[in-house]
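Q: What follows is the residue order along each chain.
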Amino acid sequence: MKIDLSKILTDGKAFYLAYDQGMEHGPIEFNDENVNPERIIEIARKGKYNGLIVGKGIAEKYNDEIVKSKVPLILKLNGKTNLYDGEPMSEQLCTVEEALQLGACAVGYTIYIGSEFEDKMLKEFENIERGAHNLGIPVIAWIYPRGKSVDGKPEGKLMAYATRVALEIGADIVKIKYDEIPRDLEWAVKSAGKCKVVVAGGAKIDESEFLEQIRIVMASGASGVAVGRNIWQNESPEKISKKIREIVFS
Amino acid sequence: MKIDLSKILTDGKAFYLAYDQGMEHGPIEFNDENVNPERIIEIARKGKYNGLIVGKGIAEKYNDEIVKSKVPLILKLNGKTNLYDGEPMSEQLCTVEEALQLGACAVGYTIYIGSEFEDKMLKEFENIERGAHNLGIPVIAWIYPRGKSVDGKPEGKLMAYATRVALEIGADIVKIKYDEIPRDLEWAVKSAGKCKVVVAGGAKIDESEFLEQIRIVMASGASGVAVGRNIWQNESPEKISKKIREIVFS
Amino acid sequence: MKIDLSKILTDGKAFYLAYDQGMEHGPIEFNDENVNPERIIEIARKGKYNGLIVGKGIAEKYNDEIVKSKVPLILKLNGKTNLYDGEPMSEQLCTVEEALQLGACAVGYTIYIGSEFEDKMLKEFENIERGAHNLGIPVIAWIYPRGKSVDGKPEGKLMAYATRVALEIGADIVKIKYDEIPRDLEWAVKSAGKCKVVVAGGAKIDESEFLEQIRIVMASGASGVAVGRNIWQNESPEKISKKIREIVFS
Amino acid sequence: MKIDLSKILTDGKAFYLAYDQGMEHGPIEFNDENVNPERIIEIARKGKYNGLIVGKGIAEKYNDEIVKSKVPLILKLNGKTNLYDGEPMSEQLCTVEEALQLGACAVGYTIYIGSEFEDKMLKEFENIERGAHNLGIPVIAWIYPRGKSVDGKPEGKLMAYATRVALEIGADIVKIKYDEIPRDLEWAVKSAGKCKVVVAGGAKIDESEFLEQIRIVMASGASGVAVGRNIWQNESPEKISKKIREIVFS
Amino acid sequence: MKIDLSKILTDGKAFYLAYDQGMEHGPIEFNDENVNPERIIEIARKGKYNGLIVGKGIAEKYNDEIVKSKVPLILKLNGKTNLYDGEPMSEQLCTVEEALQLGACAVGYTIYIGSEFEDKMLKEFENIERGAHNLGIPVIAWIYPRGKSVDGKPEGKLMAYATRVALEIGADIVKIKYDEIPRDLEWAVKSAGKCKVVVAGGAKIDESEFLEQIRIVMASGASGVAVGRNIWQNESPEKISKKIREIVFS
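Protein chains in written order, with our numbering: chain A, 3 to 252; chain B, 3 to 252; chain C, 3 to 252; chain D, 3 to 252; chain E, 3 to 252.
Treat the hints with care, as some may be off.
[Said to hold, decoys possible] Calculated lysine-lysine pairs in the BS3-like style (CA-CA distance at most 30 angstroms, straight line):
{"#": "1", "chain 1": "E", "residue 1": "K179", "chain 2": "A", "residue 2": "K82"}
{"#": "2", "chain 1": "E", "residue 1": "K4", "chain 2": "D", "residue 2": "K82"}
{"#": "3", "chain 1": "B", "residue 1": "K196", "chain 2": "A", "residue 2": "K206"}
{"#": "4", "chain 1": "C", "residue 1": "K50", "chain 2": "B", "residue 2": "K48"}
{"#": "5", "chain 1": "C", "residue 1": "K122", "chain 2": "A", "residue 2": "K125"}
{"#": "6", "chain 1": "A", "residue 1": "K150", "chain 2": "E", "residue 2": "K150"}
{"#": "7", "chain 1": "C", "residue 1": "K50", "chain 2": "D", "residue 2": "K192"}
{"#": "8", "chain 1": "E", "residue 1": "K244", "chain 2": "D", "residue 2": "K82"}
{"#": "9", "chain 1": "A", "residue 1": "K155", "chain 2": "E", "residue 2": "K179"}
{"#": "10", "chain 1": "C", "residue 1": "K206", "chain 2": "D", "residue 2": "K192"}
{"#": "11", "chain 1": "B", "residue 1": "K125", "chain 2": "A", "residue 2": "K150"}
{"#": "12", "chain 1": "D", "residue 1": "K150", "chain 2": "C", "residue 2": "K122"}
[Claimed, not checked] Derived coverage of chain C by chain D (criterion: at least 3 residues anywhere in the stretch with Cβ under 8 angstroms from a Cβ of chain D; other residues may be distant):
{"#": "13", "segment": "20 to 34"}
{"#": "14", "segment": "167 to 179"}
{"#": "15", "segment": "226 to 240"}
[Said to hold, decoys possible] Pulled a few chain B residues facing chain A out of the computed Cβ check, cut under 10 angstroms:
{"#": "16", "residue": "S117"}
{"#": "17", "residue": "H135"}
{"#": "18", "residue": "S151"}
{"#": "19", "residue": "K159"}
{"#": "20", "residue": "E182"}
{"#": "21", "residue": "I183"}
{"#": "22", "residue": "R185"}
Hints in this document: simulated from the structure, not taken from any laboratory.
Beta carbons are placed, not taken as given, at the ideal position from N, Cα and C, and that holds for glycine.
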């Protein structure tokens with residue numbers, strides 16, 4: 003079955019707002035305003051994002067607000083805290099069926115390749131991919147090389163490895179971290195074949211630097227970006243959203 | 003499905019009596035009187051608690067007494083002893099279906115975030131949450147940062163992390179331990195968003211100190227308290243219950 | 003559902019013959035006579051025990067003899083050898099349904115609290131308890147504190163912890179080892195609430211000393227004993243059975 | 003259900019040819035002739051064995067030859083290589099249903115008691131035993147004490163422990179290694195109760211010594227032997243088979 | 003059921019193009035041309051291979067191209083990255099049913115014998131073999147001795163052990179690495195009995211050396227080769243394919 007990506011891509015481009023940092027890093031990333039999911043949903047709506055990425059809890063408790071915003075919901079199915087300092091493992095915490103009931107247009111899952119638990123995450127992803135594709139739902143793989151075995155390996159090669167793994171396991175879109183070397187990103191996009199590449203925004207940096215990075219990402223052949231902290235930690239989330247949107251869709 | 007919390011909240015407030023210490027700490031917490039679950043059920047009834055928290059065994063063997071008391075039953079689904087000194091893991095020991103058959107109005111589950119087994123508990127919670135919400139039953143997450151990786155991390159940040167995790171995994175209510183810094187608790191309540199916060203009573207302390215703590219908890223925006231040892235280890239459980247009740251519902 | 007214990011208790015008292023030592027300790031416990039299960043079944047019949055405790059293999063291969071003896075069959079569902087010297091784990095080796103087909107009146111399961119695998123045994127017990135109680139079959143928990151974390155902890159407190167765990171996980175009867183301090187046993191019985199306490203006989207000791215112990219056990223409020231080696235390693239199993247029976251039912 | 007052993011015992015005696023060494027030790031045990039399963043099937047047929055023991059792969063690929071030989075097929079359900087040097091674990095690699103479809107008259111399973119994974123193998127055996135006995139199929143347990151915890155323990159006691167475990171877990175026949183002390187074997191046979199004892203042949207030794215060993219085995223009360231290398235590594239497999247057969251059935 | 007191998011063998015010979023290196027080694031094996039699965043499918047078609055080996059992702063995303071090429075699809079069901087440096091484990095990432103839906107004529111699975119996780123892979127293979135054979139689909143086992151326990155063991159013996167394991171677990175074809183000693187390969191082929199042996203091409207080497215190796219492989223009695231890097235890293239993939247084909251089918 004051909005998977006239809008049109009609900010989460012506009013003219014083939016992705017412009018997503020990610021808001022799973024409360025689970026992954028703790029509310030340390032938030033302030034009094036952006037700690038509130040309602041504020042984030044508002045930014046997603048005003049910023050005309052074509053994807054809002056949250057976990058099951060927020061998708062449930064703020065479902066009315068999300069539905070009303072008309073921003074397509076991308077449900078991140080797994081998650082973990084950053085407290086445990088052993089090899090990373092992120093368990094599935096929401097089923098594909100639940101995601102559908104909550105109105106999701108796509109589902110996401112993180113795989114830490116190189117972790118001692120890589121095999122468990124690959125396996126869990128496989129189940130999700132099968133279930134989602136049977137229902138015609140697109141699947142986004144967050145692929146991050148992580149764990150003791152990976153330490154010190156060259157980031158550029160890891161980035162291309164990440165996108166290739168996504169292709170070979172059947173992801174429709176892969177979300178990766180950018181190593182800030184344009185040539186590496188081009189090769190990563192090529193290695194992904196028919197799997198689309200979306201680049202994560204990462205920690206908050208200077209605005210003009212950030213916008214320049216978005217330009218490079220889009221020039222590399224990637225399909226778009228999934229931003230978060232650089233938006234809602236910005237003093238004017240709506241304005242910077244507009245600037246990014248213009249780059250992505252130009 | 004919207005989960006109706008009205009059976010375990012009165013005017014939005016929680017006033018629970020917890021009695022799972024026999025499993026979690028051993029009968030070392032008890033004396034000749036309070037070792038008897040019937041005495042505790044009596045305190046819950048006379049103290050007009052809107053929740054009595056026990057495990058499956060007590061809910062089964064003392065079901066007649068609990069039903070007769072009309073105190074809403076909150077079934078704690080997992081538990082462990084405090085004997086094993088490795089990374090904490092608390093397994094589900096009662097299903098949602100059993101809890102319902104025993105007359106439970108809500109179910110609870112403990113997650114030790116930061117433990118090597120965090121992923122297993124998050125996963126098990128997820129199954130419970132799904133099952134319970136399908137049946138319209140509220141789910142309470144006890145979230146305690148614990149394990150070697152957590153040692154030495156700042157308690158205030160951990161407390162807010164705990165409430166945020168509860169929100170992101172879909173808990174209706176989160177039960178946490180209070181670090182005794184009011185500002186931290188306010189931030190934890192904010193981080194919980196639409197998830198209600200209930201504060202654990204902890205080990206027995208001086209009565210006036212304890213009542214003052216309850217006042218701070220309620221002022222922080224939390225929805226209530228789950229007390230235990232400070233009640234039934236008190237020389238007059240009925241009297242102190244009344245004092246707390248007046249603070250919670252004032 | 004109220005569980006009817008009348009098939010394995012006479013006037014509320016338990017007088018059981020345990021014969022799972024071949025699995026748990028090896029045939030080193032046996033001689034040419036008592037190595038033969040038929041001899042044990044004979045002792046159980048002549049000694050008028052109200053419970054014979056064996057594993058699946060003996061219950062199957064000697065079913066005719068057991069049925070003919072009319073001694074109620076208590077099937078011990080899990081077991082392990084004493085060869086592995088790491089943390090103890092005893093797996094379920096017989097289902098509740100099989101136990102029923104073999105004519106069992108009750109089922110038993112050992113939990114080593116304090117072991118690294120405590121959580122797995124608690125979980126497996128929970129499944130058994132649920133299945134057995136749905137069929138109206140009583141469940142006996144053997145609860146023994148064991149493993150590296152437990153070493154050096156005070157036996158009296160562990161004994162009361164064991165009986166309390168049994169109550170909180172829903173056992174109908176708990177089998178424990180007696181630490182030989184009467185006051186500790188009284189507290190353990192109290193901690194068990196509505197869960198009945200049965201005391202294990204342990205290794206062979208002097209007969210008069212053993213009978214004195216039985217008297218203390220019965221005086222503590224416990225419901226009875228599960229004896230083995232002190233019976234069939236005695237030179238006259240039938241005679242000592244009679245002496246114990248008189249103490250238990252006096 | 004009474005399990006009928008008549009398909010794999012003749013006058014109550016077992017005379018089995020074992021050919022699972024390719025999996026367990028590698029083809030290092032073979033030469034150009036006996037590496038070929040067809041040659042082994044021929045030996046089994048000409049030697050009038052009442053059991054040929056092989057794994058799923060050989061039972062499938064050489065099914066026509068086995069069926070034509072009319073030697074009863076005993077399917078060994080689990081197996082492992084000898085390459086991994088940690089604690090031994092041998093997984094089930096064929097179901098009881100498949101064994102039946104392949105024409106098996108009995109199934110076998112190895113348990114390494116004393117291994118860190120003893121519990122997993124006991125559990126897996128239990129499932130097999132249940133399934134096989136429901137279908138009326140006999141179950142043979144290979145029980146070998148193995149692993150770091152077992153090193154240095156007295157072989158005679160381990161041998162009796164092995165046969166006793168077999169009885170207590172419900173095996174119909176137990177296959178053990180003989181420690182070469184006749185009195186120990188007699189005790190092991192006694193410890194097995196109604197479970198039949200079959201002795202493994204082991205590595206190739208001098209023919210007359212081997213035949214003497216068979217005589218001792220049969221005199222001990224054991225039900226027979228499962229031989230392999232001493233047969234097909236012998237220069238005249240048919241002749242030595244005849245000599246053993248005469249001892250076993252004398 | 004007899005498994006029909008005629009869809010993946012021509013005159014009993016195998017000539018396969020393997021393209022799972024992106025997952026197993028990363029895109030480091032590729033250049034701008036051969037990173038594209040479409041180019042590989044073209045080589046497979048023009049080179050008249052009777053098998054193209056890929057994972058689920060490529061089989062899905064390039065299904066039209068594969069179907070159009072008419073090269074039989076062999077779906078490699080498991081996979082892992084080479085990042086984690088602990089004991090190797092490769093999880094199943096595609097079911098037999100999915101493979102069939104994607105048009106596969108056979109399925110493959112890698113087992114690292116000697117790994118701490120050998121048992122898990124043998125078990126997973128067993129499930130696959132059963133499922134595939136029930137549907138009449140051939141199963142190819144990649145068997146590679148790997149892990150700390152294997153280090154330093156003689157390659158020739160390991161190679162024969164690998165093929166023998168394949169036979170004993172029911173594989174129809176085994177894919178192994180050649181140790182470059184012709185006599186060892188002959189023995190490995192003999193040890194495989196009725197299981198066909200296919201030799202992996204390995205890392206890119208000098209063309210004439212590579213062709214000589216193919217000749218030796220075919221002379222050993224093996225059924226063919228599964229080549230990859232020596233083809234698509236060659237400057238003229240079509241030409242070298244033709245040369246190999248002529249050797250294989252001569």
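Q: Run every hint past the structure and note whether it holds.
A: Hints and how they fare:
no. : hint            : verdict
1   : E:K179 - A:K82  : violated (40 angstroms)
2   : E:K4 - D:K82    : holds (25 angstroms)
3   : B:K196 - A:K206 : holds (27 angstroms)
4   : C:K50 - B:K48   : violated (48 angstroms)
5   : C:K122 - A:K125 : holds (23 angstroms)
6   : A:K150 - E:K150 : holds (18 angstroms)
7   : C:K50 - D:K192  : holds (27 angstroms)
8   : E:K244 - D:K82  : violated (40 angstroms)
9   : A:K155 - E:K179 : holds (27 angstroms)
10  : C:K206 - D:K192 : holds (22 angstroms)
11  : B:K125 - A:K150 : holds (24 angstroms)
12  : D:K150 - C:K122 : holds (23 angstroms)
13  : 20 to 34        : holds (count 8)
14  : 167 to 179      : violated (count 0)
15  : 226 to 240      : violated (count 0)
16  : S117            : holds (7 angstroms)
17  : H135            : holds (8 angstroms)
18  : S151            : holds (4 angstroms)
19  : K159            : holds (6 angstroms)
20  : E182            : violated (19 angstroms)
21  : I183            : violated (15 angstroms)
22  : R185            : violated (12 angstroms)
Comparing the model with each numbered hint stated earlier shows that hints 1, 4, 8, 14, 15, 20, 21, 22 do not hold.
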